[in-house]
Amino acid sequence: MINRIGLVIRPGSNRVLAVAREVVAWCQARNLALDVCPHTAKSLKFPDGGVSSKEMVERADPIITLAGDGTLIGIARHVEGASPVFIGVNFGNLGFLTEVRPDEIFPVLESVLTGEVKCAERVLLEVQVERKGSVVFESRAVNDVVVQKGARSRLPELDLAVNGHDVARIRADGIIVATPTGSTAYSLAAGGSIAHPALSVILVTPICPHSLTNRPLILPGTATVKIELPRFDDEMLVTVDGQLSERLVTGDIIKVSQAKQTVKFVVSREKSYFDILRTKLNWGVPNRPG
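The opening residue of the sequence shown carries number 1184 in my numbering; numbering runs sequentially from there.
No wet-lab data here; the hints were simulated from the structure. Here a beta-carbon is modelled for each residue, glycine too, at the ideal position from N, C-alpha and C. Be a bit skeptical, because a hint or two may be false.
[Stated by the list, open to error] With beta-carbon atoms standing in for the labels, derived distance ranges:
| # | residue 1 | residue 2 | range |
| --- | --- | --- | --- |
| 1 | R1335 | P1403 | 28 to 38 Å |
| 2 | S1336 | I1185 | 47 to 57 Å |
| 3 | R1430 | F1229 | 33 to 43 Å |
| 4 | S1376 | P1221 | 34 to 44 Å |
[Claimed, not checked] Cross-link-like lysine-lysine pairs, in silico, DSSO-like; alpha carbons within 27 Å at most:
| # | residue 1 | residue 2 |
| --- | --- | --- |
| 5 | K1447 | K1301 |
| 6 | K1237 | K1301 |
| 7 | K1315 | K1409 |
| 8 | K1237 | K1443 |
| 9 | K1301 | K1443 |
| 10 | K1447 | K1463 |
| 11 | K1409 | K1454 |
| 12 | K1409 | K1443 |
| 13 | K1332 | K1409 |
| 14 | K1225 | K1237 |
| 15 | K1438 | K1237 |
| 16 | K1301 | K1454 |
| 17 | K1301 | K1409 |
| 18 | K1443 | K1315 |
| 19 | K1315 | K1438 |
| 20 | K1315 | K1332 |
| 21 | K1438 | K1332 |
| 22 | K1447 | K1237 |
Could you build the full structure based on these sequences and the hints that come with them?
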């Protein structure tokens, strides 16, 4: 039974703010409690300071984001147990995950209340950075985990292993480890394959490799990817979903595997995944005889 809804907005947009006020009124009319993040509370002039993303995903279901994919990813990454339903309303530009148009929000909310909403379940990655036997950084990722050199750093060597088996020493700007959801993000730009989001796979894509024989890999979802930094004194970072980062040092070991948790995103009943690809990637549609 739904009794508490979460709301996260992108600040600085009058259009977003107007829709957010409508959502608040919709919840009040149905006696539904509402959790908001701190900047949403400030924008809406709520008397309290809002709740953290971690607290919201534990308490609220569904959670509405009025923004682009980045805002949706930023809160979905905090799922610990069973996932709430995430309703991504697209006020951004590209929007592979935020499939709901602003004018569809209230019919979608009604369908959530009746249990008739259509959702897609997406896998997450979990990453740990080990340094001298201790974990110094850990997180989950909706899109990708990127190990990459700094802008002015020289070309590093990265040792890649899968399930304890050495794969290659790769000289490249970095390596992307992505979910199927993230296959249309940085991994695609670096030459990786597009993986249908229903698949349980892990994508490994070198970034500008020095050797043309270092090609993208598609691994089973049960795989554990290990990237080790053997010798490097310049800047090197691990970045999660383009939002969180940690500086690396020589000898660090980055382990990436599929998380136990999954996330649920509302998807359109009218549009298929391929409709979204055609629209977002500007793929042409061949003429067909009438």
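Cross-check of the supplied hints:
1. The beta-carbon spacing between R1335 and P1403, approximately 37 Å, falls within the hinted interval of 28 to 38 Å.
2. Separation of S1336 from I1185 is about 49 Å and conforms to the stated range, judged on CB atoms against 47 to 57 Å.
3. At about 36 Å, the CB distance of R1430 to F1229 agrees with the hint of 33 to 43 Å.
4. Take S1376 and P1221: their Cβ atoms lie about 38 Å apart, and the range 34 to 44 Å holds.
5. Distance hint between K1447 and K1301 is fulfilled; the C-alpha atoms sit about 10 Å from each other, no more than 27 Å.
6. With a C-alpha separation of about 24 Å, the suggested pairing of K1237 with K1301 holds against the 27 Å cut-off.
7. As the CA atoms of K1315 and K1409 are separated by approximately 15 Å, the hinted pair is consistent with the 27 Å bound.
8. Among the hinted pairs, K1237 with K1443 is consistent with the structure: their alpha-carbon atoms are about 17 Å apart, no more than 27 Å.
9. With a C-alpha separation of about 22 Å, the suggested pairing of K1301 with K1443 holds against the 27 Å cut-off.
10. Simply put, K1447 and K1463 have alpha-carbon atoms about 21 Å apart, close enough for the 27 Å limit, and the pair holds.
11. For the given pair, K1409 sits about 37 Å from K1454 by alpha-carbon distance, which is inconsistent with the 27 Å threshold.
12. As the CA atoms of K1409 and K1443 are separated by approximately 18 Å, the hinted pair is consistent with the 27 Å bound.
13. For the proposed pair K1332 and K1409, the alpha carbon gap of about 17 Å is at most 27 Å, so the pair holds.
14. With a C-alpha separation of about 18 Å, the suggested pairing of K1225 with K1237 holds against the 27 Å cut-off.
15. Taking the CA atoms of K1438 and K1237, the gap is near 23 Å; set against the 27 Å cutoff, the hint holds.
16. For the proposed pair K1301 and K1454, the alpha carbon gap of about 11 Å is at most 27 Å, so the pair holds.
17. Only pairs whose Cα atoms come within 27 Å are accepted, and K1301 paired with K1409 is rejected, the gap being roughly 36 Å.
18. With a C-alpha separation of about 26 Å, the suggested pairing of K1443 with K1315 holds against the 27 Å cut-off.
19. Proposed proximity of K1315 and K1438 is supported: the alpha carbons are some 14 Å apart, at most 27 Å.
20. Note on K1315 and K1332: the hinted pairing holds, with a Cα-Cα distance of about 21 Å set against a maximum of 27 Å.
21. A threshold of 27 Å between alpha carbons decides the hint, and for K1438 with K1332 the separation of about 17 Å falls inside it, so the pair holds.
22. Pair hint K1447 plus K1237 holds up; C-alpha atoms about 16 Å apart against a cutoff of 27 Å.
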